[in-house]
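Novice: So the protein lines, in turn, are chains A and B.
Under our numbering, the very last position in the first sequence is 303; numbers go up by exactly one each time.
Under our numbering, the very last position in the second sequence is 400; numbers go up by exactly one each time.
Just so you know, the hints here were simulated from the structure itself, not pulled from any lab data.
Okay, the calculated beta carbon distance ranges per label pair:
hint: 1; chain 1: B; residue 1: Asp107; chain 2: A; residue 2: Lys91; range: 18 to 26 angstroms
hint: 2; chain 1: B; residue 1: Glu127; chain 2: A; residue 2: His49; range: 54 to 62 angstroms
hint: 3; chain 1: B; residue 1: Leu225; chain 2: A; residue 2: His49; range: 41 to 49 angstroms
Covered by chain B, per the in silico footprint, the following chain A stretches (three or more residues, Cβ under 8 angstroms):
hint: 4; region: 169-182
hint: 5; region: 242-248
For lysine-lysine, the following BS3-like pairs were computed, each having C-alpha atoms within a straight-line distance of at most 25 angstroms:
hint: 6; chain 1: B; residue 1: Lys21; chain 2: B; residue 2: Lys93
hint: 7; chain 1: A; residue 1: Lys276; chain 2: B; residue 2: Lys286
hint: 8; chain 1: B; residue 1: Lys131; chain 2: A; residue 2: Lys264
Where is the CB? At the ideal position from N, CA and C, for every residue including glycine.
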Amino acid sequence: MSILVDENTTFIIQGITGREAVSMTRECLDYGAKVVAGVTPGRGGRDVHGVPVYDTVAEITAKQRVDASVLTVPPAAIRDAAFEAIENGVKLLVIVTERIPRLEVAQIVELANRYGARLIGPNCLGVMSPGKTRVGGMGGSAVAARKAYQPGPIGIMSRSGGMTTEIANALTASGLGQSTAVSIGGDAIVGSTYAELMPLFEADPETKAIVIYSEPGGPMEAQLAKYVKEQKSRLPVVAFMAGRFMDEMPGMRFGHAGTIVEGKADTTSEKIARMKDAGISVAEEIAEIPGIVKQRLAEAGSR
Amino acid sequence: MRFYEFEAKALLGQAGVPVAKGGTATTSDEAARIAASVGGEVVLKSQVLSGGRMKAGGVKFAATPDEARAAAEHILKLEIGGQMPRCVLIDSKQPVKKEYYAGVIYDAVAKLPVAIFSDMGGIDIEEVAEKNPEHVARVHFSTFQPLQEFKFKELVASLGISGNELNQISRIIARLAKAFLTYGLTLAEINPLAQLEDGSFIALDSHCDMEEEAREQQSAVLDELGIGREETRLARPPTEFEIRGAEVDASDHRGVAGRVVEFDGNLGCVIGAGGGSLTIFDALRKHGGKPANYCEIGGNPSVKKTCELTKLILSKPGVEKICVIMNVVSNTRVDIVARGVIKGVIESGYDPAEKIAIFRIPGSWEEEGYKILEKFGVDYADRTVPMSEAARRAVEKVKA
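Put together the whole structure using the sequences plus the hints.
Specialist: Below, the structure written as structure tokens:
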């Protein structure tokens, strides 16, 4: 199995005629994903690699089931595009766009919550359920994506889109496939945090362990540590923490918008301590991850 | 981006938060004139972005314009936390009866703004929250206006405050919350929010932060405050190298070759993307490397942009070699980065085989990329070589 998306997931791409979106459409189709339509206001009636383009989301949802939408529109138009998807009943939004002001992200989340819709991102590369589908550009071309991602028992959640593929590649190379990999986004506020996705992985019998990529800034790692400790999760969690050098350089900006260190709890050393305390293994290097995962799986199996 | 206190005061003042009468000065004579027009006793405060200015002697009181001139003279020359003051703020001194705290930030777990209120003002709120949690109250509120002002009444009332105080304070917090939403802030804080002898309330010191992402939308407000686009307001002002890096990034809308940060080392870094750069930078340092810069490339930058970034890094004195490392790329094309970097090295007058310590970018269009690298004799690594191992090899080569 997998979480969030599988081979039956139908989705649209909002902003489909943009340069990056056109190649993403090709990549998704080549992977076998069900891209049923695209939206670019004013470009209705065209097609992108055979995918019909509409002016509005409503025109599509009136005709067919739309499970998800990938949004890759400019920052100035993203909030309204997201509202449009939510109000038209789309239940899963994957926002690729970066540089969205925090206020607008909060507004999108607030509306999504009212409608029972889930948001992944913003500033993410999407969701990949290897061998089934991909919703977004994660992993690049279908050929490249198949090299890095293979089906298997590991769930990935990552604050970096690129590092999602790096980690999947390392796992695949050592024979560990993935159930679903989620690029959760690099912003200070993201629609779905690690802890919020954990119950989905818990409920997926195929998933046997979790790998996360984390960074300085924000309360997401502390929230996960609390979840793992309190819920007594059946899934071993292995974390990699990047940006350790930033602890020595407060007030400077590196990496994603969400890495900004606003308090002591935001530093990598504090986060590592909290995660270890909750029983989360913290890898020193990406290359160590597969070995630690195998060890944790063996321990879980012998219990 | 942090605002200076005088800017935060102007922003909150516009939003209807009561603030003290006063003005800013960059010369001591100007300070004396403002003190005279304000009348009575004044407080002079150094306008720096770092904290601890009280301890450093950056805050002084003056009873007369002449005293204000002397105090301003001192403050304007005083460096605090490595920063010279932008100016000195002269405010009329207020007769304070009691100090409160009011702030608004985002709660990334609830994904909502949260208003924080305390009846113990004037000190660090994190300290109060730790030692006297019963004196701190919080309430989340919607990001959609109009504001639900009753929430701020509940917030203030929850600390046992009633009567006229309740209405005055909650009104000020509502205005603070409105300013937070209207100006795209990530922090809006009044500390202390003071009750004066006559019972009225006033913001005596305030802090506001705006994130980079909101600057475009808020350009009218920023123009009004006279804050230029080049002002990064980070822990230190940008260096010449960093300014030129930003120019390279802005020269072409395709992809990113930005967030260049200068360091002292001898190993130039053409690295990416957002998370990959953090990972590589950690790895270089762990293996004893001395990076000359931090940067982030991604989003499939053009050949020209990567070339210009490479040239900029190679022009930095002390850079012996460069390493080109990214995580497995999805949308960035390996061949385009390879062409850009090689072009940049050649145009700088060097041999790519000698100057590029290692090239490790697997992913989209890697076969095409590796062909180009082979043609120029560049040492490259594919996806079987971990990022950290590539970093180690680069460090070894610079040491050799």
